[in-house]
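**Q** Sequence:
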Amino acid sequence: MFLVSAEEVSIKSSQTFALGQTYTDEEFDELCFVFGLELDEITSEKEILSKEQGDERAEGSSDVILYKTDVPANRYDLLCLEGLV
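In the numbering used here, the protein residues as written are 9 to 93.
Incorrect hints may appear among the rest.
[Said to hold, decoys possible] Straight-line C-alpha distance at most 25 Å; calculated BS3-like pairs for lysine-lysine:
id: 1; residue 1: Lys-76; residue 2: Lys-54
id: 2; residue 1: Lys-76; residue 2: Lys-59
id: 3; residue 1: Lys-20; residue 2: Lys-59
id: 4; residue 1: Lys-76; residue 2: Lys-20
id: 5; residue 1: Lys-54; residue 2: Lys-20
Worth flagging that the hints you see were computed from the coordinates, not collected in a lab.
Construct the complete structure from the given sequences, taking the supplied hints into account.
**A** So this is what it looks like as structure tokens:
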């Protein structure tokens, strides 16, 4: 569901329905801005592994879109889906 590293949160695009609707990339970027978040990158697990370990190691990995957001240090309440809802 969520992968947390330091102050960066990765949200699976399929999980955005919990926010009440599905979002396009642009709409999700605008939503992040409203909450004071920055949409850092739109990627996938497969793309991340491909960059880090090569295409061969990335085969069979998930193609699910991940929205990587930067969470400000004073907004730890937004480090979970419940905080965003």
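**Q** All the hints need checking, so say for each whether the structure fits it.
**A** Going through the hints against the structure:
The straight-line distance between the Cα atoms of Lys-76 and Lys-54 is roughly 14 Å, inside the 25 Å bound, and the hint therefore holds. For the hint pairing Lys-76 with Lys-59, the CA-to-CA distance comes to about 16 Å; that is within 25 Å, so the pair holds. For the proposed pair Lys-20 and Lys-59, the alpha carbon gap of about 19 Å is at most 25 Å, so the pair holds. Restraint check: the Cα-Cα separation between Lys-76 and Lys-20 comes to about 9 Å, which is no more than 25 Å; the hinted pair holds.
Between the alpha carbons of Lys-54 and Lys-20 the distance comes to roughly 13 Å, so the proposed pair stays at or under 25 Å and holds.
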